[in-house]
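Chains as they are written, first to last, in my numbering: chain V, 774 to 1033; chain C, -7 to 69.
Incorrect hints may have been included.
Derived lysine-lysine pairs resembling BS3-like cross-links, with alpha carbons at most 27 Å apart [to be verified]:
1. K14(C) <-> K959(V)
2. K16(C) <-> K958(V)
3. K816(V) <-> K16(C)
4. K16(C) <-> K1024(V)
5. K14(C) <-> K816(V)
6. K776(V) <-> K14(C)
7. K958(V) <-> K14(C)
Rather than coming from a laboratory, the hints here were simulated on the basis of the structure.
Just so we're clear, the structure is a prediction, and the values are computed from it rather than from any experiment.
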Amino acid sequence: MQKVFARPATLLETGFHFCPGCHHGIVHRLLCEMLERYNLQEKAVGVPGVGCGVFLYDYIAIDVCEAPHGRATAVATGIKRVQPDHFVFTYQGDGDLGAIGTAEVIHAANRGENFTVIFVNNSVYGMTGGQMAPTTLLGQYTTTSPAGRDSRNDGYPLHLAEMLAPLEGVAFAARVSLHTPAHVKKARRALQRAFETQLEKRGFSFMEFVSACPTNWHLTTLQSVEHIEQKMLSVFPLGIYKNTAAATVRKEGEPADALL
Amino acid sequence: MSRITIREEGCKGCSYCVLACKRKLIRIDQDRINNLGYNPAVFSDNNEEPCTGCALCAEICPEVLIEVYRQQGRVGA
């Protein structure tokens, strides 16, 4: 009998504070698996923004530096420039990166800063109680859009992976989902490429995870999986939007998900 | 024969593993409540269609509570 799957040692034994069905735990585990794969535990620095991912320091046995709301990419820029041999990543939600931190992420990406952004997109403000986020789907009910998001008043969902990919400083941009085991496996492969991008010093790498928030969607966990499959994936198409690694440059007209 | 272990005390009953198991060997125990206040997922093997150690349940567990032990050889053997 061979043990083929166990909790990564970098992921501490502390139980997560996340709600049942939240996908943050899977993102944490994938990060730990990658840190161990490249043996980065001793020289990795995580920079969580403000949101449900803020307690990263409680769960992962690496150095963590908290950033003010939205400023994680600015803090990570400083850390990476002072310690260029360290592996630096930010861990941000859609409120942190998509709303208050949009200016920071666009300019960090445009400067081609050599760190990785982990962006968890659950289309709602999770920690503060389910307010509308820039990534909220049209028609989605939240506490600040009680009649559903209306484009005439609230605009449209923000597509960050597509938005950042054309910038010249960006070396890797992908969007993955976590709602089935198959999608988790694809997410792991994409995350590995993002890690390689930084380790090979090719520039800015961006990973967007489409994730569930059953509590603030007011759905059961199984309904949340269906919600992602049926509603979110049509608005947020999965795929690798950019990868400057020679073997995987996206060809003209090729669908982004073909590379996942 | 392959098998899994679930650390039930940390389970929040999201039932993603129940959905992931193709052989329906995991269920939510409605008769028991763990220390967190949730009905935990439990594994019960079936001799006719035993666990293959595919690890899909462990892959999807958001709390990372599942360990998978696979009998030597390929998956499904």
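List in ascending order the numbers of the hints, as given earlier, that are violated by the structure.
3, 4 and 5
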